Amino acid sequence: MNLLLKNISLPVADFCIEVDVELQSQVTAIFGPSGAGKTSLLDLIAGLRRPASAFIQLDNRVLTDTAQKTLVPPRLREMGYVPQDLALFPHLSVRQNLLYGRKSETRAGPLFSLGHITDVLEIQPLAGRRVTELSGGEKQRVALARALLTSPRLLLLDEPLRSLDEALKAKIIPYLQRVRGEFQLPMLYVTHDRQEVLALCDEVLELKRGRITKRTRATAQDWPIINSEPIGNWTPQ
Amino acid sequence: MTAEEWQIVWFTAWVSALSTLLILPLGLAVAWLLARRDWPGKSLVQTVVMMPLVMPPVATGLILLKLFGRRGPLGRLLHDTLDLNIIFTWRGVLVALGVMSFPLLVLSARIAFEQVNPRFEQVARTLGAGEARVFFTITLPLAWRGILGGMTLAFARALGEFGATIMVAGNIAGQTSTLSLSIYQHVQLGQDPQAYRLLGVSVALAFLAVWTSECLLLRRPSR
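Heads up: the sequence lines are chains W and F, in that order. Heads up, our numbering is the position in the first sequence plus 4, with the first residue counted as 1. Heads up, our numbering is the position in the second sequence plus 170, with the first residue counted as 1.
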C-alpha cells in the first residue's frame with residue numbers, strides 16, 4: 005500500500021490538522037490523546053470531510069486534490085470504515101448490516117466472501133439477530149465484518165476497542181490479528197492505547213493538535229514510554 | 171347525523187388526506203434540505219415555508235386567490251393548458267389545505283431527519299451507497315416515526331382549516347363545504363344542533379389525529 009497525504013489542511017475545533025506524510029506499512033497506527041484530530045483525519049481520508057486543502061492518493065489513484073477540485077465520493081474510495089461508535093444500523097438485522105455494502109461473490113472473490121469473513125470473525129450464529137441484542141464484542145466483530153465485506157483496499161479503524169473493557173479487549177485483539185494475517189489488508193488504526201499499537205501495528209504516527217510529532221516503528225524498543233502514565237493495561241490472551 | 175352531514179365529514183376527511191399525501195414529496199425534500207444541507211438562501215426558504223403558520227389564514231387565502239384566480243399567473247396557466255379551474259372548486263380546498271398544513275409537515279419531518287445520527291449516513295456512504303440509497307435505506311427508515319407524526323399533524327391541521335379555504339373555495343354545499351365551514355355556517359344561521367353534531371365529529375377526529383401523532387413522536391430513533 006502507498007497512501008500519500010500531502011498538504012493536508014483541515015480546520016477543526018481550535019486548531020488546524022496539517023499533515024504531510026507518505027505511508028507504506030501494512031498497519032499504521034495514528035496515536036494521540038482525545039481531541040488530537042485523529043478521527044477528523046480518518047474522516048478526511050474516507051472522504052467524509054472537505055478540507056481547506058489536501059492531496060490524497062492511494063496507490064495510483066487520486067482521491068482528493070483540492071487544487072484540481074477532485075473529490076472522489078466516499079462510496080467510490082473502496083475503503084472499509086469502522087467508526088468509533090461502530091454505527092451498526094439499528095433498524096436492520098445483523099445479516100442485513102453485513103450485506104449492506106457487500107460486493108457480489110464474483111467481484112469480491114473468495115477471500116472477501118460472506119462465508120469466509122463470518123468464519124474468521126466467528127459471527128455466523130449472530131446473523132438472524134437484531135444488532136440491539138448484541139454484546140459489545142459481538143458488535144465490534146459485526147462492524148469489522150461489514151467493512152471487510154466491501155472488499156476494501158484500505159481499512160480505517162477508529163478506536164475500535166474504545167468502548168470495551170480490558171477483558172473484552174483481550175478477546176477482540178486476536179480477531180484483529182487474524183484479520184490482519186488473513187486478509188493482508190493495509191490498515192490505518194486510530195487509538196490512544198499503546199498496548200493496541202504494539203500488538204497490531206507496524207508503524208506509529210503520534211498526532212498532537214493536528215500535527216505529526218513523531219513517526220517510528222511500533223515496537224517497545226523504538227517507541228518507548230516517555231512519561232510514566234500507562235495507557236491501557238489489558239493482558240493479551 | 172344526516173346524509174348531508176356525513177357527506178361533509180367524508181369530504182373533509184378525504185380531501186385532508188389527499189392534500190397531506192400530495193404535499194409529502196415536496197415536504198420531505200424541503201425538510202431534508204433544511205436538515206442536512208447548508209446553502210445560500212436557506213434561512214429565506216425556511217422563513218417562507220413557515221409563513222402560513224403565523225400569518226392570518228385569510229391572508230394566505232387571499233394570496234392563493236390572487237395566484238390561482240382566472241387572471242392570476244397560476245390560474246391562467248392551469249386554465250389555458252389543462253382547462254382546470256381551482257377557485258371555488260374542490261381543487262381550491264385541496265390547495266388551501268395543502269398550503270396551510272405544509273409548514274407543520276416540514277417542521278416535523280425536519281426534526282425527524284435531524285434526529286437521525288449522521289454517522290449512520292456517513293458509514294452507509296463508505297459502504298458504497300449513493301445519496302438516494304442512503305436516504306431510502308437509512309435516513310427514511312430511521313425517521314419514519316417522526317415523519318408519520320408530522321403527516322398526522324398536517325392532516326389534523328387540514329381538518330380544521332377555515333380561513334384560507336373560505337377565501338379560495340368558498341362554502342358551496344356538496345362541493346367545497348368542509349367541517350369547519352359548515353360549523354360556521356350553522357352557527358351563523360342559528361342551527362345549533364347541527365353545529366354541535368359536526369363539532370363533535372371535528373373534535374373526535376382532531377383528538378385522534380393529534381393523539382396518534384403524539385404516540386408516534388414519543389418514540390425516537392437511535393442515535
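These are computed hints drawn from the structure, not numbers from a lab. Owing to the predicted nature of the structure, the values given are computational and were not obtained by experimental measurement. Watch out, some of these pointers could steer you wrong.
To be verified - Computed, partial: chain F to chain W, Cβ under 10 Å:
#1 187
#2 191
#3 195
#4 199
#5 289
#6 292
#7 299
#8 300
#9 304
#10 306
#11 332
#12 378
#13 382
Claimed, not checked - A few chain F residues facing chain W, derived, Cβ under 7 Å:
#14 229
#15 288
#16 290
#17 293
#18 296
#19 310
#20 312
#21 315
Unchecked claim - Negatives, chain W to chain F, calculated, CB over 10 Å:
#22 19
#23 37
#24 52
#25 65
#26 83
#27 85
#28 89
#29 91
#30 95
#31 107
#32 139
#33 142
#34 150
#35 154
#36 198
#37 199
Ideal placement from N, C-alpha and C gives every residue a C-beta, glycine not left out.
Now the hints, each set against the structure:
no.: 1; hint: 187; result: violated, 27 Å
no.: 2; hint: 191; result: violated, 24 Å
no.: 3; hint: 195; result: violated, 22 Å
no.: 4; hint: 199; result: violated, 21 Å
no.: 5; hint: 289; result: holds, 5 Å
no.: 6; hint: 292; result: holds, 5 Å
no.: 7; hint: 299; result: holds, 6 Å
no.: 8; hint: 300; result: holds, 6 Å
no.: 9; hint: 304; result: holds, 9 Å
no.: 10; hint: 306; result: violated, 12 Å
no.: 11; hint: 332; result: violated, 39 Å
no.: 12; hint: 378; result: violated, 27 Å
no.: 13; hint: 382; result: violated, 21 Å
no.: 14; hint: 229; result: violated, 42 Å
no.: 15; hint: 288; result: violated, 9 Å
no.: 16; hint: 290; result: holds, 5 Å
no.: 17; hint: 293; result: holds, 4 Å
no.: 18; hint: 296; result: holds, 4 Å
no.: 19; hint: 310; result: violated, 10 Å
no.: 20; hint: 312; result: holds, 6 Å
no.: 21; hint: 315; result: violated, 11 Å
no.: 22; hint: 19; result: holds, 22 Å
no.: 23; hint: 37; result: holds, 22 Å
no.: 24; hint: 52; result: violated, 5 Å
no.: 25; hint: 65; result: holds, 16 Å
no.: 26; hint: 83; result: violated, 6 Å
no.: 27; hint: 85; result: violated, 4 Å
no.: 28; hint: 89; result: violated, 6 Å
no.: 29; hint: 91; result: violated, 4 Å
no.: 30; hint: 95; result: violated, 5 Å
no.: 31; hint: 107; result: violated, 8 Å
no.: 32; hint: 139; result: holds, 17 Å
no.: 33; hint: 142; result: holds, 17 Å
no.: 34; hint: 150; result: violated, 7 Å
no.: 35; hint: 154; result: violated, 6 Å
no.: 36; hint: 198; result: holds, 27 Å
no.: 37; hint: 199; result: holds, 27 Å
Hint compliance for this structure: hints 1, 2, 3, 4, 10, 11, 12, 13, 14, 15, 19, 21, 24, 26, 27, 28, 29, 30, 31, 34, 35 are not met, and every other hint is.
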